[in-house]
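Line order of the protein sequences matches chains P and E.
Per the working numbering, the very first residue in the first sequence carries number 2; after that it's consecutive.
Per the working numbering, the very first residue in the second sequence carries number 510; after that it's consecutive.
Among these hints, one or two may not hold up.
[Stated by the list, open to error] Derived DSS-like pairs (lysine-lysine); straight-line CA-CA distance at most 30 Å: (1) E:Lys531 x E:Lys690; (2) P:Lys32 x E:Lys531; (3) E:Lys531 x P:Lys9; (4) E:Lys519 x P:Lys32; (5) E:Lys653 x P:Lys58; (6) E:Lys690 x E:Lys607; (7) E:Lys607 x P:Lys58; (8) E:Lys636 x P:Lys58; (9) E:Lys607 x P:Lys32.
[What the hints assert, rightly or not] Covered stretches of chain P (in silico footprint by chain E; criterion: 3 or more residues with CB under 8 Å from a CB of chain E, positions within the stretch not fixed): (10) 14 to 23; (11) 39 to 47; (12) 55 to 65.
None of these hints come from the bench; they were simulated from the model.
Note that the structure is predicted; figures quoted are calculated from it, not measured.
For glycine and all other residues, C-beta sits at the position ideal for the given N, C-alpha and C.
This is what each chain is made of:
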Amino acid sequence: MLITINGKARSFDFQQCNVTDLVTHLALVGKRLAIERNGEIIPRSQFSETFIHDGDKLEIVGAVGGG
Amino acid sequence: MSDFLKIADKTYHSRLLVGTGKYQDFAQTRAAIDASGAQIITVAIRRTNIGQTAGEPSLLDYLPPEEFTYLPNTAGCYSADDAVRTLRLARELLDGHKLVKLEVLGDPNTLYPNMIETIAAAKTLVKDGFDVMVYCSDDPIIAKQLEEIGCVAVMPLASLIGSGMGILNPWNLQIIIENAKIPVLVDAGVGTASDAAIAMELGCQGVLMNTAIAAARDPVLMASAMKKAVESGREAYLAGRMPKKLYSASPSSPTTGLIA
Numbered sequence: 002m003l004i005t006i007n008g009k010a011r012s013f014d015f016q017q018c019n020v021t022d023l024v025t026h027l028a029l030v031g032k033r034l035a036i037e038r039n040g041e042i043i044p045r046s047q048f049s050e051t052f053i054h055d056g057d058k059l060e061i062v063g064a065v066g067g068g
Numbered sequence: 510m511s512d513f514l515k516i517a518d519k520t521y522h523s524r525l526l527v528g529t530g531k532y533q534d535f536a537q538t539r540a541a542i543d544a545s546g547a548q549i550i551t552v553a554i555r556r557t558n559i560g561q562t563a564g565e566p567s568l569l570d571y572l573p574p575e576e577f578t579y580l581p582n583t584a585g586c587y588s589a590d591d592a593v594r595t596l597r598l599a600r601e602l603l604d605g606h607k608l609v610k611l612e613v614l615g616d617p618n619t620l621y622p623n624m625i626e627t628i629a630a631a632k633t634l635v636k637d638g639f640d641v642m643v644y645c646s647d648d649p650i651i652a653k654q655l656e657e658i659g660c661v662a663v664m665p666l667a668s669l670i671g672s673g674m675g676i677l678n679p680w681n682l683q684i685i686i687e688n689a690k691i692p693v694l695v696d697a698g699v700g701t702a703s704d705a706a707i708a709m710e711l712g713c714q715g716v717l718m719n720t721a722i723a724a725a726r727d728p729v730l731m732a733s734a735m736k737k738a739v740e741s742g743r744e745a746y747l748a749g750r751m752p753k754k755l756y757s758a759s760p761s762s763p764t765t766g767l768i769a
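Start from the sequences, fold in the hints, and give me the full structure.
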């Protein structure tokens with residue numbers, strides 16, 4: 002499965018994967034994040050029922066220092 | 510004295526809002542913010558670093574959202590669409606948080622705001638239920654339009670972002686303040702404590718700054734200076750200054766009882 006995360010293409014072995022699995026796989030568990038898939042925000046409450054598909058474009062963001 | 514800053518039905522005792530960027534490290538960020546007494550702090554929304562070491566500290570560890578009012582901003586956005594998208598992500602990130610800082614830039618050299626895109630984004634965000642504090646040019650007409658759109662605060666620049674040039678057009682700020690029914694805060698351009706005091710003496714409801722503190726030789730000490738400047742400027746505004754006179758015909762000491 003080939004997906005684009007934060008502008009970078011990445012290939013994954015798994016056939017099926019929900020957002021919770023992906024967050025675990027990327028070692029982002031416990032971090033405060035917001036995720037957008039193909040321009041649509043995925044609410045955190047729907048991570049486990051939202052499945053990632055080949056070709057999806059994901060943005061994973063967090064809060065950083067800024068003015 | 511019960512003098513509070515009120516934004517979108519919430520009150521704050523501190524009128525100094527600070528950014529969290531450009532510090533040496535998170536510990537210094539925290540120390541400076543503590544010294545500033547700020548309750549509202551701005552944060553940027555950026556792509557998460559994938560593959561970073563697990564357990565690496567984040568800004569949120571040092572500045573827990575339970576302790577401060579986060580003001581996610583759209584710094585770095587050059588279009589209304591990007592700004593709206595960024596703040597929707599911020600709302601999800603911060604569990605439905607509504608208070609945001611909108612800024613849409615027009616030029617990477619000056620970071621001057623693009624007010625046409627800013628107005629478009631403000632309309633969308635207000636409709637979408639956000640409480641929008643908006644960074645803007647110091648044009649009184651634009652400031653009024655942003656108020657009419659439904660923004661909860663207008664934040665004209667004192668001078669360009671990060672320039673430290675101070676308050677370049679106090680007259681325009683004064684017109685904006687006189688016309689506004691919502692809080693006016695100076696955002697950007699403050700360089701040192703006297704600039705913050707001047708903004709408050711003009712009648713601003715607050716001041717937002719980042720670089721003036723973070724780029725000082727001693728950021729924590731400057732944060733403390735800014736806290737005092739904002740407080741003293743506010744008190745001077747409330748006290749009502751004496752009128753300026755080229756000559757004074759009223760000496761402070763008695764005119765009688767002189768020895769000769």
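Between the alpha carbons of lysine 690 of chain E and lysine 607 of chain E, is the straight-line distance 30 Å or under? holds, 20 Å
Need the status of pair lysine 607 of chain E, lysine 58 of chain P: alpha-carbon distance at most 30 Å? Within the cut-off at roughly 26 Å; holds.
Given the hint that lysine 653 of chain E pairs with lysine 58 of chain P, does the C-alpha gap stay at or below 30 Å? violated, 40 Å
Tell me if the straight-line CA distance from lysine 32 of chain P to lysine 531 of chain E falls inside 30 Å. Holds, at about 22 Å.
Against chain E, does the region 14 to 23 of chain P show at least 3 residues with beta-carbon separation below 8 Å? violated (count 0)
Given the hint that lysine 636 of chain E pairs with lysine 58 of chain P, test it: the Cα-Cα distance must not exceed 30 Å. holds, 27 Å
At a Cβ distance under 8 Å, does chain E reach at least three residues of the region 39 to 47 of chain P? Holds, because 4 residues of the region 39 to 47 of chain P bring their Cβ atoms closer than 8 Å to Cβ atoms of chain E.
Agreement of lysine 519 of chain E and lysine 32 of chain P with the hint, judged by alpha carbon distance not exceeding 30 Å: holds, 28 Å
Given hint lysine 690 of chain E paired with lysine 531 of chain E - CA-CA distance at most 30 Å: Distance ~33 Å between lysine 531 of chain E and lysine 690 of chain E Cα, so the pair is violated.
For a C-alpha distance cap of 30 Å, please report whether lysine 531 of chain E and lysine 9 of chain P respect it. With Cα atoms ~26 Å apart, lysine 531 of chain E and lysine 9 of chain P stay inside 30 Å; holds.
Between the region 55 to 65 of chain P and chain E, are there enough contacts, at least three residues with CB-CB distance under 8 Å, for the coverage claim to hold? Holds: 6 residues of the region 55 to 65 of chain P have a Cβ under 8 Å from chain E.
Checking one constraint from the list: CA of lysine 607 of chain E to CA of lysine 32 of chain P, max 30 Å. Satisfied? holds, 21 Å
The earlier numbered hints that this structure contradicts are 1, 5 and 10.
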